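Enquirer: Okay, here's what each chain looks like letter by letter:
2 protein chains.
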Amino acid sequence: MGKSKLTKQSENFADWYQDIVREAELAEPSEVRGCGIVRPYGLKIWELIKAELNRMIEADGVENVYFPIFVPLENLQAEKAHVEGFSPELAIVTYGGGEELVNKLAVRPTSEAAMYRTYAKWIQSYNDLPLRLNQWANVVRWEKRPRAFLRWSEFLWQEGHTVFADEAGARAEVWHMLGVYKKIYEYMAIPIFSGLKSESEKFAGAVMTTTAEIMAKDGKAIQGATSHYLGTNFAKVFGVEYLGADGQKHLGHQNSWGLSWRSVGAVIMAHGDDNGLRLPPNIAPIQIVIVPIYKDENKAKVLEFTENLKNKLTAYRVKLDNRENLTPGFKFNHWELKGVPVRLEVGEKEIDKGEVTIFRRDLNTKEVVKLAGLEDALASLLVDIHKNLYEQALAFSKSHIHRIESLDDIKDQVGFFEASWSEDPESEKLLKEKFMMVSRLLPQENESQAPKNKKCFITGQAAKHDWLFAKSY
Amino acid sequence: MGKSKLTKQSENFADWYQDIVREAELAEPSEVRGCGIVRPYGLKIWELIKAELNRMIEADGVENVYFPIFVPLENLQAEKAHVEGFSPELAIVTYGGGEELVNKLAVRPTSEAAMYRTYAKWIQSYNDLPLRLNQWANVVRWEKRPRAFLRWSEFLWQEGHTVFADEAGARAEVWHMLGVYKKIYEYMAIPIFSGLKSESEKFAGAVMTTTAEIMAKDGKAIQGATSHYLGTNFAKVFGVEYLGADGQKHLGHQNSWGLSWRSVGAVIMAHGDDNGLRLPPNIAPIQIVIVPIYKDENKAKVLEFTENLKNKLTAYRVKLDNRENLTPGFKFNHWELKGVPVRLEVGEKEIDKGEVTIFRRDLNTKEVVKLAGLEDALASLLVDIHKNLYEQALAFSKSHIHRIESLDDIKDQVGFFEASWSEDPESEKLLKEKFMMVSRLLPQENESQAPKNKKCFITGQAAKHDWLFAKSY
Numbered sequence: 314m315g316k317s318k319l320t321k322q323s324e325n326f327a328d329w330y331q332d333i334v335r336e337a338e339l340a341e342p343s344e345v346r347g348c349g350i351v352r353p354y355g356l357k358i359w360e361l362i363k364a365e366l367n368r369m370i371e372a373d374g375v376e377n378v379y380f381p382i383f384v385p386l387e388n389l390q391a392e393k394a395h396v397e398g399f400s401p402e403l404a405i406v407t408y409g410g411g412e413e414l415v416n417k418l419a420v421r422p423t424s425e426a427a428m429y430r431t432y433a434k435w436i437q438s439y440n441d442l443p444l445r446l447n448q449w450a451n452v453v454r455w456e457k458r459p460r461a462f463l464r465w466s467e468f469l470w471q472e473g474h475t476v477f478a479d480e481a482g483a484r485a486e487v488w489h490m491l492g493v494y495k496k497i498y499e500y501m502a503i504p505i506f507s508g509l510k511s512e513s514e515k516f517a518g519a520v521m522t523t524t525a526e527i528m529a530k531d532g533k534a535i536q537g538a539t540s541h542y543l544g545t546n547f548a549k550v551f552g553v554e555y556l557g558a559d560g561q562k563h564l565g566h567q568n569s570w571g572l573s574w575r576s577v578g579a580v581i582m583a584h585g586d587d588n589g590l591r592l593p594p595n596i597a598p599i600q601i602v603i604v605p606i607y608k609d610e611n612k613a614k615v616l617e618f619t620e621n622l623k624n625k626l627t628a629y630r631v632k633l634d635n636r637e638n639l640t641p642g643f644k645f646n647h648w649e650l651k652g653v654p655v656r657l658e659v660g661e662k663e664i665d666k667g668e669v670t671i672f673r674r675d676l677n678t679k680e681v682v683k684l685a686g687l688e689d690a691l692a693s694l695l696v697d698i699h700k701n702l703y704e705q706a707l708a709f710s711k712s713h714i715h716r717i718e719s720l721d722d723i724k725d726q727v728g729f730f731e732a733s734w735s736e737d738p739e740s741e742k743l744l745k746e747k748f749m750m751v752s753r754l755l756p757q758e759n760e761s762q763a764p765k766n767k768k769c770f771i772t773g774q775a776a777k778h779d780w781l782f783a784k785s786y
Numbered sequence: 314m315g316k317s318k319l320t321k322q323s324e325n326f327a328d329w330y331q332d333i334v335r336e337a338e339l340a341e342p343s344e345v346r347g348c349g350i351v352r353p354y355g356l357k358i359w360e361l362i363k364a365e366l367n368r369m370i371e372a373d374g375v376e377n378v379y380f381p382i383f384v385p386l387e388n389l390q391a392e393k394a395h396v397e398g399f400s401p402e403l404a405i406v407t408y409g410g411g412e413e414l415v416n417k418l419a420v421r422p423t424s425e426a427a428m429y430r431t432y433a434k435w436i437q438s439y440n441d442l443p444l445r446l447n448q449w450a451n452v453v454r455w456e457k458r459p460r461a462f463l464r465w466s467e468f469l470w471q472e473g474h475t476v477f478a479d480e481a482g483a484r485a486e487v488w489h490m491l492g493v494y495k496k497i498y499e500y501m502a503i504p505i506f507s508g509l510k511s512e513s514e515k516f517a518g519a520v521m522t523t524t525a526e527i528m529a530k531d532g533k534a535i536q537g538a539t540s541h542y543l544g545t546n547f548a549k550v551f552g553v554e555y556l557g558a559d560g561q562k563h564l565g566h567q568n569s570w571g572l573s574w575r576s577v578g579a580v581i582m583a584h585g586d587d588n589g590l591r592l593p594p595n596i597a598p599i600q601i602v603i604v605p606i607y608k609d610e611n612k613a614k615v616l617e618f619t620e621n622l623k624n625k626l627t628a629y630r631v632k633l634d635n636r637e638n639l640t641p642g643f644k645f646n647h648w649e650l651k652g653v654p655v656r657l658e659v660g661e662k663e664i665d666k667g668e669v670t671i672f673r674r675d676l677n678t679k680e681v682v683k684l685a686g687l688e689d690a691l692a693s694l695l696v697d698i699h700k701n702l703y704e705q706a707l708a709f710s711k712s713h714i715h716r717i718e719s720l721d722d723i724k725d726q727v728g729f730f731e732a733s734w735s736e737d738p739e740s741e742k743l744l745k746e747k748f749m750m751v752s753r754l755l756p757q758e759n760e761s762q763a764p765k766n767k768k769c770f771i772t773g774q775a776a777k778h779d780w781l782f783a784k785s786y
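As you go down the protein sequences, you meet chains X and B in turn.
Adding 313 to a residue's 1-based position in the first sequence gives its number in the working numbering.
Adding 313 to a residue's 1-based position in the second sequence gives its number in the working numbering.
It should be emphasised that the hints constitute simulated quantities derived from the structure, not laboratory data.
Every clue listed holds true.
It does not matter which identical chain is meant; a pair holds if it fits inside one copy or across any two.
DSSO-like, lysine-lysine: derived pairs with alpha carbons at most 27 Å apart:
# : residue 1 : residue 2
1 : Lys-457   : Lys-417
2 : Lys-632   : Lys-434
3 : Lys-745   : Lys-765
4 : Lys-495   : Lys-711
5 : Lys-632   : Lys-363
6 : Lys-562   : Lys-549
7 : Lys-765   : Lys-711
8 : Lys-549   : Lys-417
Only a predicted model underlies this, so the values are computations on that prediction, with no experimental measurement involved.
Let's have the full structure, built from the sequences with the hints guiding it.
Expert: Spelled out as structure tokens, the structure:
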């Protein structure tokens with residue numbers, strides 16, 4: 314294992330990604346085509362993201378619930394746009410308990426159709442609203458071109474499903490939850506682009522989809538989370554009604570919002586470099602690795618010292634790498650590959666001088682600090698690493714947005730393209746065919762602004778807004 | 314909602330269970346026959362159990378991993394006893410992504426067959442052992458007679474899968490992990506019976522199964538967790554081999570061990586009474602409920618006081634029930650039904666005297682305590698409630714074990730039956746047919762002891778050990 318096994322990002326970013334996922338022991342393909350195995354180091358990153366997002370969601374007053382993995386096919390077929398969107402991706406159970414099933418079951422691709430008939434039972438009057446529930450679950454969407462974390466047939470996620478008495482309440486929550494996703498990405502030191510999806514890119518069954526988009530280091534977009542206003546589309550079908558204060562029946566206004574372990578893929582692609590991962594401290598399974606540097610004659614002394622040092626740093630996730638028969642240089646490469654934010658190098662010289670050498674992975678630089686006060690130094694160092702990773706990603710994102718006025722301007726530039734657009738679905742199809750690119754979002758701040766160039770960059774028709782376009786994962 | 318909606322335990326315990334699951338809003342049937350919906354109050358109990366068990370497992374050096382929900386059918390068929398045991402319970406996916414699958418997939422009923430071919434790749438030499446991984450996941454075992462938490466077609470659980478270099482190491486871990494399960498049940502204030510399963514009751518594919526059995530308040534047994542020694546049965550089939558220090562190839566010795574949300578069912582059945590749940594403080598979603606008692610003229614004063622009181626008790630999971638238009642009596646019943654360990658009743662009289670009335674759910678008693686020092690009083694009260702629930706359950710379990718020498722002794726006694734047994738599988742079949750009872754376990758302490766009556770209570774043949782028998786959920 315080491316640097317040599319990684320393709321350079323500049324040579325082939327997709328290959329680099331595949332290499333780092335394998336070499337850092339994050340995940341690997343399974344025996345089931347399209348599904349992956351997430352190894353402990355990769356899963357821990359997800360668990361740390363999940364724990365913080367769950368804390369935020371619960372603090373927001375949302376409660377967790379668990380619905381079955383199976384959805385009656387007829388439920389999925391009830392909402393027309395929904396079934397059209399998801400049918401091609403379904404896994405279908407036709408046998409259960411040794412018998413062919415009369416009513417076939419889909420493995421949930423998302424849980425609107427699994428939940429809302431039960432919601433209809435739970436909701437009687439306006440007193441029961443808003444109803445705000447969340448589920449941590451696995452879902453299955455058949456994937457012909459799998460990519461680790463970003464596109465597997467099975468993935469883990471959370472899906473929030475809420476019901477409001479009116480449209481205003483529901484629409485406000487859509488943006489509020491997108492704000493929660495912005496915060497959880499900030500927790501991963503990742504800036505997001507937030508805004509609206511186009512008609513063709515919105516969630517199947519939604520009235521409106523908002524999205525948190527992330528720019529990978531090759532300039533492509535990653536859809537990092539979405540928050541949808543479903544209107545009364547599902548409420549009509551599943552009978553989600555309530556008795557209002559006016560004594561009349563009304564349809565509930567529904568939202569759903571989700572974030573998956575794609576976020577782990579986003580962390581890899583937004584922060585990694587040619588030497589491997591660079592993990593933000595908040596979600597690093599190991600925040601600090603200690604590498605003892607010794608010869609035979611001072612081995613006992615150095616090992617004892619580093620063991621004590623490890624035991625002192627209880628506030629952090631610390632690993633002491635005291636493996637035998639491996640050189641310090643090998644260990645350095647290993648933990649750089651794995652993206653550990655901070656490495657402490659301790660040899661006899663450092664011990665005698667009361668010092669320790671600190672390597673920080675975000676800048677790949679070293680400095681020598683005094684052992685006295687090390688804990689405080691580490692605390693502010695981790696904060697600084699987080700901040701620096703965020704600022705690097707933000708600077709990269711900002712410097713890779715290209716304003717274009719026509720298709721000719723795309724050339725072979727890397728990044729997102731800002732353009733005035735007619736929002737004509739046909740023009741988006743053309744863009745997809747010719748440039749493998751679709752609209753990513755209408756940035757929230759552009760929604761109420763006149764487009765910069767009033768002519769559509771594709772059709773020359775009247776433009777409605779300034780959108781961002783990009784290739785995507 | 315209230316006491317009246319619960320069947321009395323003494324009338325029909327199974328009905329009481331169904332009533333309390335519904336009325337306490339723990340869970341309900343779903344649209345998919347055999348699968349349940351776990352509502353927020355029920356799921357939170359599971360999440361609290363899960364968090365503590367995960368902490369214990371990780372502290373034990375085990376790492377979490379995630380394998381796909383689908384298992385190639387051919388993998389499941391590779392180990393003969395395994396496929397025989399699980400075939401009748403499988404859900405089979407035959408269509409994926411709009412096409413009929415050439416290789417059919419089972420939804421995992423357990424993950425031995427999903428994991429071990431990959432384990433074989435990960436394990437090269439003895440340096441890679443022991444390999445100790447755990448997975449939190451959903452599994453599906455088709456269930457024709459579902460019962461909330463205890464028997465649903467889909468359930469959530471953890472499954473540990475470990476590999477050791479030799480039999481001794483593996484067998485030691487089997488009992489070690491059973492010890493971990495004993496501790497997590499102690500965390501739920503539940504004493505367990507621990508020991509070995511009989512040949513016919515052991516896990517399909519295992520050499521040896523150990524079990525944590527719990528006595529419900531109707532004397533029936535609940536299998537609360539199991540820990541298996543798989544020998545080299547799966548290792549042979551999936552090629553789990555390692556290069557020993559001797560330069561030779563050896564088969565790995567494997568274990569698996571699991572605990573599911575059946576544990577929530579065990580908590581309900583071991584502690585509940587005719588008034589509802591009685592939750593141990595460790596896993597109570599709400600540990601303390603505050604019920605303000607007021608009239609129109611002192612409403613503002615009482616509500617402000619209880620709001621402040623709630624905000625002071627930050628060390629606990631506290632709920633202030635300030636719902637309008639409900640009497641204190643209604644609220645008392647409601648939270649008793651939901652099993653909240655401690656209720657604080659606060660009215661103007663209490664406020665003026667600097668006192669609060671404390672109701673404890675384990676004893677259904679009240680006492681008045683001074684507000685000064687309330688926090689300390691609550692801390693020791695919660696410890697005492699935990700202890701008392703444990704001791705009540707232990708006393709119940711101990712007093713409901715009946716020593717029997719023949720089938721005639723069973724009569725209509727309620728509880729577990731201790732008897733000397735030949736361990737003849739045919740005799741167990743007879744017991745099942747005539748008394749709907751099987752062996753639950755050979756208690757660990759009886760394994761090396763001669764049976765009390767050397768003749769089998771069923772066949773009159775030579776007895777091998779003293780076993781415990783019971784009806785079960």
